[in-house]
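**Student:** Listed below are the residues making up each chain.
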Amino acid sequence: AQTVTQSQPEMSVQEAETVTLSCTYDTSESDYYLFWYKQPPSRQMILVIRQEAYKQQNATENRFSVNFQKAAKSFSLKISDSQLGDAAMYFCAYRSAVEAGNNRKLIWGLGTSLAVNP
Amino acid sequence: EAQVTQNPRYLITVTGKKLTVTCSQNMNHEYMSWYRQDPGLGLRQIYYSMNVEVTDKGDVPEGYKVSRKEKRNFPLILESPSPNQTSLYFCASSHVGAEAFFGQGTRLTVV
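Sequence order for the protein chains is A and B.
The letter at position 67 of the first sequence is residue 67 when you use our numbering, and the numbering goes up by one with no holes.
The letter at position 69 of the second sequence is residue 187 when you use our numbering, and the numbering goes up by one with no holes.
One should not assume that every hint holds.
[To be verified] Between beta-carbon pairs, the in silico distance windows are:
| # | chain 1 | residue 1 | chain 2 | residue 2 | range |
| --- | --- | --- | --- | --- | --- |
| 1 | A | T20 | B | V170 | 41 to 49 Å |
| 2 | A | D81 | B | E171 | 44 to 52 Å |
| 3 | A | T20 | B | D156 | 22 to 30 Å |
| 4 | A | A71 | B | K175 | 32 to 40 Å |
| 5 | B | G158 | A | E61 | 41 to 49 Å |
| 6 | A | V98 | B | V170 | 19 to 27 Å |
| 7 | A | N117 | B | N125 | 34 to 42 Å |
| 8 | A | S113 | B | T133 | 45 to 53 Å |
| 9 | B | T138 | A | T20 | 38 to 46 Å |
| 10 | A | N117 | B | P157 | 22 to 30 Å |
| 11 | A | Q14 | B | G134 | 22 to 30 Å |
| 12 | A | V98 | B | D156 | 21 to 29 Å |
| 13 | A | T20 | B | E171 | 43 to 51 Å |
| 14 | A | E17 | B | V170 | 45 to 53 Å |
[Stated by the list, open to error] Partial pick of chain B residues on the chain A-facing surface, computed with a CB cut under 8 Å:
| # | residue |
| --- | --- |
| 15 | Y128 |
| 16 | S151 |
| 17 | L161 |
| 18 | E180 |
| 19 | G181 |
| 20 | Y182 |
| 21 | L206 |
| 22 | F208 |
| 23 | V214 |
| 24 | E217 |
| 25 | A218 |
[Said to hold, decoys possible] Some chain A residues flagged as far from chain B (calculated, every beta-carbon gap over 12 Å):
| # | residue |
| --- | --- |
| 26 | S12 |
| 27 | T27 |
| 28 | E29 |
| 29 | A71 |
| 30 | D81 |
| 31 | Q83 |
| 32 | A97 |
No lab work stands behind these hints, which were simulated from the structure alone.
In this text the structure is predicted, and so the values were computed from the model without any measurement.
C-beta: ideal position from N, C-alpha, C; glycine also.
All chains should be built: construct the whole structure from the sequences, respecting the hints.
**Tutor:** Next up, the structure:
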């Protein structure tokens, strides 16, 4: 069974600085998706970035980028120029790319709580 | 606007009083699911649906029911809620090869 591990329960960063959140996963599959979701105090689950395992290029969305290391099964999120609005819980999630059965189920890490200090 | 609408956002109820949390999506997604989020346990899947009239248990289905009579709707039913079902609930939907879209969440308290 697939697992996702986020080893940093809490992190903090100064406004305008860069922070990296870690995520590792375990799977025997070769094709899958990885996601970072943000959960602000409003509790809404917001997609930050996605990565397809077959793509070697790391995904980027504005100030958010990932470092995807497939062989190491590592998927870290880098937030550049951190803003106060980035303060939230961040979840790493895995999903199989096999479109059958319950393979669209998301496997979640336990989250990293990010504080942004002014 | 593409969205998943979940209601209510907050609900306090008493043990044993049946309740339904509604979920509706406007993206014509075939796959929908329910998760509950608890501190220290993360998000766990309760039930999922592959399409109309096709539902199945997730990881923590005990005490819950679902139905999928229409493609857009996927209600979560607690026929006899208990305090251990106090949690934050999310409905989600997704299409082939795409990320999941989430509802706003329902904070349920059972006293």
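**Student:** Taking the hints in turn, state whether each one holds.
**Tutor:** Evaluation of the provided hints:
{"no.": "1", "hint": "A:T20 x B:V170: 41 to 49 Å", "result": "holds, 43 Å"}
{"no.": "2", "hint": "A:D81 x B:E171: 44 to 52 Å", "result": "holds, 49 Å"}
{"no.": "3", "hint": "A:T20 x B:D156: 22 to 30 Å", "result": "holds, 27 Å"}
{"no.": "4", "hint": "A:A71 x B:K175: 32 to 40 Å", "result": "holds, 35 Å"}
{"no.": "5", "hint": "B:G158 x A:E61: 41 to 49 Å", "result": "violated, 29 Å"}
{"no.": "6", "hint": "A:V98 x B:V170: 19 to 27 Å", "result": "holds, 22 Å"}
{"no.": "7", "hint": "A:N117 x B:N125: 34 to 42 Å", "result": "holds, 36 Å"}
{"no.": "8", "hint": "A:S113 x B:T133: 45 to 53 Å", "result": "violated, 32 Å"}
{"no.": "9", "hint": "B:T138 x A:T20: 38 to 46 Å", "result": "holds, 42 Å"}
{"no.": "10", "hint": "A:N117 x B:P157: 22 to 30 Å", "result": "holds, 24 Å"}
{"no.": "11", "hint": "A:Q14 x B:G134: 22 to 30 Å", "result": "violated, 50 Å"}
{"no.": "12", "hint": "A:V98 x B:D156: 21 to 29 Å", "result": "holds, 28 Å"}
{"no.": "13", "hint": "A:T20 x B:E171: 43 to 51 Å", "result": "holds, 45 Å"}
{"no.": "14", "hint": "A:E17 x B:V170: 45 to 53 Å", "result": "holds, 49 Å"}
{"no.": "15", "hint": "Y128", "result": "violated, 10 Å"}
{"no.": "16", "hint": "S151", "result": "holds, 7 Å"}
{"no.": "17", "hint": "L161", "result": "holds, 5 Å"}
{"no.": "18", "hint": "E180", "result": "violated, 17 Å"}
{"no.": "19", "hint": "G181", "result": "violated, 19 Å"}
{"no.": "20", "hint": "Y182", "result": "violated, 16 Å"}
{"no.": "21", "hint": "L206", "result": "holds, 6 Å"}
{"no.": "22", "hint": "F208", "result": "holds, 6 Å"}
{"no.": "23", "hint": "V214", "result": "holds, 5 Å"}
{"no.": "24", "hint": "E217", "result": "holds, 5 Å"}
{"no.": "25", "hint": "A218", "result": "holds, 6 Å"}
{"no.": "26", "hint": "S12", "result": "holds, 20 Å"}
{"no.": "27", "hint": "T27", "result": "holds, 17 Å"}
{"no.": "28", "hint": "E29", "result": "holds, 15 Å"}
{"no.": "29", "hint": "A71", "result": "holds, 23 Å"}
{"no.": "30", "hint": "D81", "result": "holds, 24 Å"}
{"no.": "31", "hint": "Q83", "result": "holds, 22 Å"}
{"no.": "32", "hint": "A97", "result": "violated, 7 Å"}
Hint compliance for this structure: hints 5, 8, 11, 15, 18, 19, 20, 32 are not met, and every other hint is.
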